[in-house]
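Asker: The chain contents come next:
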Amino acid sequence: MVDLTINTEVATQILTGFIKSEVTRVGYSRAVINLSGGLDSALSLALAVEALGSENVFALRLPYRTSSADSLEHAQLLIDKYDIPSETMDISDMVDPLINRDPDISKVRRGNILARMRMIAMYDKSEVFKGLPIGTSNKTEILLGYSTLWGDMASAINPIGDLYKTQVRQLSRALGIPAPIIDKPPSADLWAGQTDEEELGFTYEQVDQLLYLLVDHRYSPQECIEEGFDEKFVNAVITRVRRNQFKRMMPPIAKLSNRTIGYDFLYLRDWGT
Amino acid sequence: MKLNLALAQIATKLGDVESNLEKHLHYIEEAKKQKADLLVFPELSLTGYVLQDLVASVAHKPTEDDAVFTHLLKASHDLDLVVGFVDEDSRHRFYIASAYLSGGKVLHVHHKVYLPTYGLFDEGRFFAWGDSIRSFDTRFGRVGMLICEDFWHASPPYLLWLDGADIMLFSSASPGRGLNDREKLESARWVERVSKAYASMFTSFVAHCNRVGFEDGLLFWGGATVNDPNGELLVQGPYFEEALTFAELDLNQLRRTRARLPLLRDERTALVQKELNRILSRG
Chain A
691 MVDLTINTEV ATQILTGFIK SEVTRVGYSR AVINLSGGLD SALSLALAVE ALGSENVFAL
751 RLPYRTSSAD SLEHAQLLID KYDIPSETMD ISDMVDPLIN RDPDISKVRR GNILARMRMI
811 AMYDKSEVFK GLPIGTSNKT EILLGYSTLW GDMASAINPI GDLYKTQVRQ LSRALGIPAP
871 IIDKPPSADL WAGQTDEEEL GFTYEQVDQL LYLLVDHRYS PQECIEEGFD EKFVNAVITR
931 VRRNQFKRMM PPIAKLSNRT IGYDFLYLRD WGT
Chain B
105 MKLNLALAQI ATKLGDVESN LEKHLHYIEE AKKQKADLLV FPELSLTGYV LQDLVASVAH
165 KPTEDDAVFT HLLKASHDLD LVVGFVDEDS RHRFYIASAY LSGGKVLHVH HKVYLPTYGL
225 FDEGRFFAWG DSIRSFDTRF GRVGMLICED FWHASPPYLL WLDGADIMLF SSASPGRGLN
285 DREKLESARW VERVSKAYAS MFTSFVAHCN RVGFEDGLLF WGGATVNDPN GELLVQGPYF
345 EEALTFAELD LNQLRRTRAR LPLLRDERTA LVQKELNRIL SRG
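The listed protein sequences derive, respectively, from chains A and B. Every position in the first sequence, counted from 1, becomes a number in the working numbering once 690 is added. Every position in the second sequence, counted from 1, becomes a number in the working numbering once 104 is added.
Okay, chain A solo, but in the shape it has when bound:
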């Protein structure tokens, strides 16, 4: 059994310090966050509130007409718990004109449109509230590419992107996220009845253990199989990680000059701050 347990106090100290530092050093003091009602955004919210104070974190609830009632209620639980400013906007009227243009539109296309509409709403609120958009993607979904490019992956800073889903659960428990949010099956809620684990074809607990060996501990695929992981599962996950590398990068620029952004024009984001 691979142990992904983390020291939650140290994690909290580092992640709240990160939010505070990266928000304030660019001249901001506030943050905005899309609250889906799921666990990842709940944890990002809890960390942001601890880092910046409840009055400085704005939560958006952005339901679509097929969104589950649970999602909306769970998001409200958090808004009440942390006593933060919030707004609820039904995005159905914003996205349906696009969705309805094609009667044969697939579930995936619809899901992507919802995710990208929510991104637009968050960045618009960012300007109004003068708050930086906080990311809610965990390490498991970033590695698997289980997310929408320029949609739910978009943010100014991401405090939870180096935590596997299993670790997100552990830290969420430590920070007192309400149990119904921790215990429900993870879902992007992009269509009725969707769950992550059914769509992925494996559980987070299984895949986190494998990714932890492959990525964090640099095990070879063969060593993972020797540790007891099914060969097909190992190969499927590795393929998935590789094929989704494009989602983890800025678009490559074709080099022409002697100095090209992305290759030899190298500065941290925190340049000068």
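Bear in mind the hints are in silico, worked out from the structure with no lab data behind them. All residues carry an ideal CB built from backbone N, CA and C; glycine is no exception. Treat the hints loosely; a few may be bogus.
Stated by the list, open to error - Some but not every residue of chain A turned toward chain B, in silico, with C-beta under 10 Å: (1) E745; (2) P793; (3) S796; (4) K797; (5) W961.
Said to hold, decoys possible - Residues from chain B that face chain A, not an exhaustive set, calculated with beta carbons under 8 Å: (6) L118; (7) G119; (8) L158; (9) E168; (10) N284; (11) D285; (12) E290; (13) S291; (14) W294; (15) V298; (16) D320; (17) F344; (18) L348.
With the hints as your guide, set chain B onto chain A.
Answerer: Okay, now just chain B, sitting in the frame of chain A:
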């Protein structure tokens, strides 16, 4: 003889030397008020760490006519200083460097000899490799300075020891990494373990000053330490936050420890040399 040592684990602004200099002068003032004899700043304390293409624009020369060093050299009349900076040599090679300043003079400059260029580190891409490890005399005795990866290798502290250093001053910009269920990050545990080991094996004082603050997603963990010639921890600064940590070093402890435990006396350097020659000549 007592040495009042202060370690300033500061956060820096990336590429903003002027602002970092101001912070140095503030901490120098504070250390002076508290009667420090020697104040040590972390690796690249005047510039920040992940410099990449900023390297050339933040380089300075540790001379009196340099706009930054003129202030620091002036301040070194009141207390000795170790500062971290990018040193540019006359042929425009850039080094990660530490300068020891005392009485308005530069007593020694160390160029980092091991540039980590693996994992999250990319120093070898942007900096020239230092090529000497030397101890030097100060008003507190003989001292040696190393920078971060230098003391991840066993030979630099060993060479300083043989070259007469009784006080080793380590500076770092060490990004925190390796979170698991333990109370301390793996990177902190590693550095604390070897600092203590060097103090014990070399029966010397070993001080370590690591910076704090974030650069993008990297958090530098701080946690300055001083270990005495018995390998006992004298002080430890906090993790993750700026602090000025003081330690009173009783330099007579060197004599007492080495009378009990004559590791330096018994070190067989000729044997080391003979075996090294044999090992290296194998080709």
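Asker: Go through the hint on B/E290 and say holds or violated, using the shortest Cβ distance to chain A against 8 Å.
Answerer: violated, 11 Å
Asker: Double-check B/F344 for me: the hint is only fine if its C-beta lies closer than 8 Å to a C-beta in chain A.
Answerer: This interface hint holds because 6 Å falls under the 8 Å limit.
Asker: Would the hint on A/P793 be counted as holding, given a Cβ-Cβ threshold of 10 Å to chain B?
Answerer: violated, 44 Å
Asker: Verify the interface restraint on B/L348: the C-beta must sit less than 8 Å from at least one C-beta of chain A.
Answerer: Since the shortest Cβ distance to chain A is 19 Å, the answer is violated.
Asker: Against chain A, is B/D320 within 8 Å by beta-carbon distance?
Answerer: Status holds, d = 5 Å.
Asker: Does B/G119 pass the interface hint, meaning its C-beta sits closer than 8 Å to a C-beta of chain A?
Answerer: holds, 5 Å
Asker: Under the criterion of a CB-CB separation shorter than 10 Å, is A/W961 in contact with chain B as hinted?
Answerer: OK, holds: A/W961 within 10 Å of chain B, min 6 Å.
Asker: Against chain B, with CB atoms and a cut of 10 Å, does the hint on A/K797 hold up?
Answerer: Constraint on A/K797 not satisfied, violated at 34 Å.
Asker: Return the status of the interface hint for B/E168: holds when the least beta-carbon distance to chain A is below 8 Å, violated otherwise.
Answerer: violated, 28 Å
Asker: At a threshold of 10 Å, is the proposed contact between A/S796 and chain B supported by beta-carbon distances?
Answerer: Constraint on A/S796 not satisfied, violated at 35 Å.
Asker: Would you check whether B/L118 satisfies its interface hint, that is, whether its CB is within less than 8 Å of any CB in chain A?
Answerer: holds, 5 Å
Asker: Hint B/W294 vs chain A: min CB-CB distance below 8 Å?
Answerer: violated, 16 Å
Hints 1, 2, 3, 4, 9, 12, 13, 14, 15 and 18 from the list above are not met by this structure, while the remaining hints are.
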